[in-house]
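Chains Z and B supply the protein sequences, listed in that same order.
Take any residue in the first sequence, count from 1 to its spot, add 20: that is its number in our numbering.
Take any residue in the second sequence, count from 1 to its spot, add 20: that is its number in our numbering.
Treat the hints as calculated values from the structure; they're not laboratory data.
Because identical chains cannot be distinguished in the list, a pair is counted as satisfied if it fits within a single copy or across any two copies.
20 angstroms max Cα-Cα, derived SDA-like pairs, lysine to any residue:
| hint | residue 1 | residue 2 |
| --- | --- | --- |
| 1 | LYS127 | MET148 |
| 2 | LYS306 | THR369 |
| 3 | LYS38 | ARG87 |
| 4 | LYS357 | TYR272 |
| 5 | LYS122 | GLU142 |
| 6 | LYS306 | PRO58 |
| 7 | LYS276 | TRP350 |
| 8 | LYS38 | GLN62 |
| 9 | LYS164 | PRO195 |
| 10 | LYS122 | GLU151 |
| 11 | LYS38 | THR28 |
| 12 | LYS38 | THR83 |
| 13 | LYS38 | PRO79 |
| 14 | LYS122 | MET148 |
| 15 | LYS303 | MET313 |
| 16 | LYS38 | MET68 |
2 protein chains.
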Amino acid sequence: MDAEGLSTDELFCFLQAKRNEDFSYSHILSSMCTTPHPVAVQAHNLFMETNLGDPGLFPGTATLEDRLIRWFADLYHEPSAGGCTTSGGTESNIQVLRFCKKTKNVKEPNIIVPASAHFSFEKACGMMDIEMRVVPVDEQYRMKTDAAGELIDKNTCCIVGVAGTTEYGMTDPIPALGKLAEQEGVHLHVDAAFGGYVLPFLDDAPPFDFSVPGVGSIAVDPHKMGLSTIPSGVLMVRDERVFCNLLVETPYLTTKQAYSLTGTRPGASVAAAYAVMAYLGRKGMKALVTGCMENTRRMIEGMEAFGVHRKVTPDVNVATFEHVSVPSPWVVSYTRKGDLRIVCMPHVTRDVVEAFLSDFGESYVSHIS
Amino acid sequence: MDAEGLSTDELFCFLQAKRNEDFSYSHILSSMCTTPHPVAVQAHNLFMETNLGDPGLFPGTATLEDRLIRWFADLYHEPSAGGCTTSGGTESNIQVLRFCKKTKNVKEPNIIVPASAHFSFEKACGMMDIEMRVVPVDEQYRMKTDAAGELIDKNTCCIVGVAGTTEYGMTDPIPALGKLAEQEGVHLHVDAAFGGYVLPFLDDAPPFDFSVPGVGSIAVDPHKMGLSTIPSGVLMVRDERVFCNLLVETPYLTTKQAYSLTGTRPGASVAAAYAVMAYLGRKGMKALVTGCMENTRRMIEGMEAFGVHRKVTPDVNVATFEHVSVPSPWVVSYTRKGDLRIVCMPHVTRDVVEAFLSDFGESYVSHIS
Numbered sequence: 021m022d023a024e025g026l027s028t029d030e031l032f033c034f035l036q037a038k039r040n041e042d043f044s045y046s047h048i049l050s051s052m053c054t055t056p057h058p059v060a061v062q063a064h065n066l067f068m069e070t071n072l073g074d075p076g077l078f079p080g081t082a083t084l085e086d087r088l089i090r091w092f093a094d095l096y097h098e099p100s101a102g103g104c105t106t107s108g109g110t111e112s113n114i115q116v117l118r119f120c121k122k123t124k125n126v127k128e129p130n131i132i133v134p135a136s137a138h139f140s141f142e143k144a145c146g147m148m149d150i151e152m153r154v155v156p157v158d159e160q161y162r163m164k165t166d167a168a169g170e171l172i173d174k175n176t177c178c179i180v181g182v183a184g185t186t187e188y189g190m191t192d193p194i195p196a197l198g199k200l201a202e203q204e205g206v207h208l209h210v211d212a213a214f215g216g217y218v219l220p221f222l223d224d225a226p227p228f229d230f231s232v233p234g235v236g237s238i239a240v241d242p243h244k245m246g247l248s249t250i251p252s253g254v255l256m257v258r259d260e261r262v263f264c265n266l267l268v269e270t271p272y273l274t275t276k277q278a279y280s281l282t283g284t285r286p287g288a289s290v291a292a293a294y295a296v297m298a299y300l301g302r303k304g305m306k307a308l309v310t311g312c313m314e315n316t317r318r319m320i321e322g323m324e325a326f327g328v329h330r331k332v333t334p335d336v337n338v339a340t341f342e343h344v345s346v347p348s349p350w351v352v353s354y355t356r357k358g359d360l361r362i363v364c365m366p367h368v369t370r371d372v373v374e375a376f377l378s379d380f381g382e383s384y385v386s387h388i389s
Numbered sequence: 021m022d023a024e025g026l027s028t029d030e031l032f033c034f035l036q037a038k039r040n041e042d043f044s045y046s047h048i049l050s051s052m053c054t055t056p057h058p059v060a061v062q063a064h065n066l067f068m069e070t071n072l073g074d075p076g077l078f079p080g081t082a083t084l085e086d087r088l089i090r091w092f093a094d095l096y097h098e099p100s101a102g103g104c105t106t107s108g109g110t111e112s113n114i115q116v117l118r119f120c121k122k123t124k125n126v127k128e129p130n131i132i133v134p135a136s137a138h139f140s141f142e143k144a145c146g147m148m149d150i151e152m153r154v155v156p157v158d159e160q161y162r163m164k165t166d167a168a169g170e171l172i173d174k175n176t177c178c179i180v181g182v183a184g185t186t187e188y189g190m191t192d193p194i195p196a197l198g199k200l201a202e203q204e205g206v207h208l209h210v211d212a213a214f215g216g217y218v219l220p221f222l223d224d225a226p227p228f229d230f231s232v233p234g235v236g237s238i239a240v241d242p243h244k245m246g247l248s249t250i251p252s253g254v255l256m257v258r259d260e261r262v263f264c265n266l267l268v269e270t271p272y273l274t275t276k277q278a279y280s281l282t283g284t285r286p287g288a289s290v291a292a293a294y295a296v297m298a299y300l301g302r303k304g305m306k307a308l309v310t311g312c313m314e315n316t317r318r319m320i321e322g323m324e325a326f327g328v329h330r331k332v333t334p335d336v337n338v339a340t341f342e343h344v345s346v347p348s349p350w351v352v353s354y355t356r357k358g359d360l361r362i363v364c365m366p367h368v369t370r371d372v373v374e375a376f377l378s379d380f381g382e383s384y385v386s387h388i389s
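Okay, chain Z solo, but in the shape it has when bound (with noise of 0.2 angstroms):
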């Protein structure tokens, strides 16, 4: 930090070149995120200066969140359920693991999560010092339940299934860990931070939502498939009162209690969540969900006549394939397993998968003649 400022122009001189150094999304492959849409950039900047953790000063703003969590409510077939909005899905199931284990209140407690959980599970899990047993995956990178059946003790806490795995794109089997939560009395957690906007708008979509016994709660992501503003996160359940565990006193602020995790929050890109929402109506979020997914099957053709195959035919837009090589400017990302993974998001145009195609084509075929 400099003793003297510098002039508007120099900074936004500046801060243009190291912006223009980061990849476009143009090019991004890898990613769960992508451009937020126009009226999510605008509601953000309406609502900039707003701060959800101190609601009673941002009326207006706690309105919009109250009415996003109606609308999740809705679609996720619980007009009752309860709700609050996070930073992300990280911090979704953070809290949930927080509300699991106060309830479980047992000495040494452990979760059960598929080997396709995401890496925000190991996180929280150790700090909080409950057990992470992990279930492996069918051939269809769905989570086992019989072996999650086994896994399961009277020190278990918390079942967590996945609508939308980050690495295959995958949704485990929901009604039946929603039985099997039924029956041994614990918790069911879907972590749909993607699948949570994608799932409800497709016709023969896997179930994952309240509909299905047994599940407690969801977690999904309006900055992912939500073309919100970063960082936005959703937090569903069934029965509020869960919440109640997280409560401490807030003394000085406008409202005595609160149960985020966080203090400050951003009222900006609930707003823009909503914005979204609003906009695009059910509508709107169909006709983007099947594009993505047109692209994605697109995607998996393409890259078949290439002679190059798919892993599994994915739940969401999220395409993987046997290990190969892309050909730069293209940022693509591989599994853990080492597959070649794609994610279709709404910024990978038909005309992006097309022009990847061609590139990928040209390299792939020079390469193995």
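We have chain Z; now place chain B onto it with these hints.
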């Protein structure tokens, strides 16, 4: 969520109406947040879509985070210090307790906090099964070092001192706590979420940073006195190797390990924090902070002229008084002990102070006469 979406006109008419229901900062005297600086908003927009949860995709943005950390290392007098950005003080404090608990590695860890500590420590301790030992404060609302020493035992993994307490704006005796920490071999964390942007720019401020032997980490929030956008926190550590205790594998991202608590996290508010410091420079920050302290003094003098006594002379721009009511539309807060609390943030200009004093004087004099 309706089937059909709204037009942008309908949407923003509704959103503006909701925004109008919020209080304006012009009458908020209770918040440690404020209207962000215009360069913060402009930088936020330039980096709106960036995700530091996957820094390899955004190397330019990641550079800004590095440069921000280096500035704080200099400002806090330890050029070799490490650090990272967070979503705010709560996450920073959680991260510290995560590595302290892991490093100490005892069965029943405890931490020592002053009675004036922020409620985030209660959340963090509850979540991590850490006993929170609360040290009383003296008549100046500063932690009693002797009492702290008596509470330390072989299971103590962290001592917390506060630089600029939320309620009374006081700074704990950090040099004495540093000696205690060194003597006992315990980590000393300084929660400077508020004071970390104030004390470095004041003459004769109480010492709180890495120039004090024994200080191991410092939390500071750009979204408070740093005039940045929400959410924006910084955690500085004297020895960045402590972060190694927090690493988890992050397959399918551009970096293969991460120690952050959250996953996806905004680059926008990091760029915003950077922009404000680059634009104001040390001189601009000093002018800002000096103005807030002058207004705090004027607020105290003005209230005492009405016969309303200060509770303490604060180290930072938080003024507290014996309990009295204030007329609407002014928004103030009260401490746990019931004292009136006014935070003289940058939006509380000299004109605002005078307007408040005038309104208060009228209502108070008519009330007591």
